[in-house]
Amino acid sequence: YLNKVIEKAKDEEVIGQASLILYDIYMNSNRVDDAIEALTKVIENAPNSEISKQAEARIAQIAEQYRSRLITNDKLLKNSRTAAIFILYNPAVRAYQNKDYFTAKPLFEKFIEFYPNDTLSQRVAILLSAIYIDEKNYQGAINVLKKVNLNNLDKDNQELAYYFLATAYFGI
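Numbering (my numbering), first residue to last: 1 to 172.
Simulated from the structure, these hints should not be mistaken for lab results.
For lysine to aspartate or glutamate, the following EDC-like pairs were computed, each having C-alpha atoms within a straight-line distance of at most 16 Å:
| hint | residue 1 | residue 2 |
| --- | --- | --- |
| 1 | K99 | E135 |
| 2 | K110 | D74 |
| 3 | K53 | E13 |
| 4 | K4 | E37 |
| 5 | K78 | D118 |
| 6 | K105 | E135 |
| 7 | K78 | E37 |
| 8 | K75 | D34 |
| 9 | K146 | E113 |
| 10 | K78 | E109 |
| 11 | K78 | D34 |
| 12 | K147 | E109 |
| 13 | K10 | E44 |
| 14 | K105 | D134 |
| 15 | K99 | D134 |
| 16 | K78 | E44 |
| 17 | K146 | D118 |
If you're wondering where the values come from, they're calculated on a predicted model, not measured in any experiment.
Take the sequences, apply the hints, and build the full model.
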């Protein structure tokens with residue numbers, strides 16, 4: 001019933017409230033993936049609202065608690081950029097900052113695979129290319145930098161990306 005309300009409602013507040021009720025039902029039934037999808041609908045239907053911020057906070061909590069279970073759900077990660085940020089991107093950045101490249105690399109790779117045209121993927125490509133260069137995998141660095149559009153980066157990041165690209169070519 002709530003899914004029909006969400007589909008047919010025009011009011012962002014009604015959609016948001018119905019989605020949050022659906023979220024609670026899913027969480028009480030241990031249907032975590034469905035709960036995230038319900039929260040994603042809130043964000044999609046009311047992107048800049050207060051209720052959207054609540055949904056993002058709940059996704060962050062779920063991602064932290066159930067990350068090992070959710071990381072294998074490609075469908076969810078492809079359909080919910082917000083979930084992908086909390087399940088893939090944020091933990092990858094933390095791992096990268098801690099120089100835990102073994103953890104960061106597959107998370108970054110998966111994020112780029114699912115969101116190649118996303119602005120975050122441009123930043124991810126730079127970080128991932130740094131990991132590849134550190135591992136002396138110069139072709140990997142070149143390949144990842146070629147997957148994303150480097151022209152949309154700000155000047156500093158663009159210079160960094162081209163620096164890594166040149167470093168990789170010289171390394172070969």
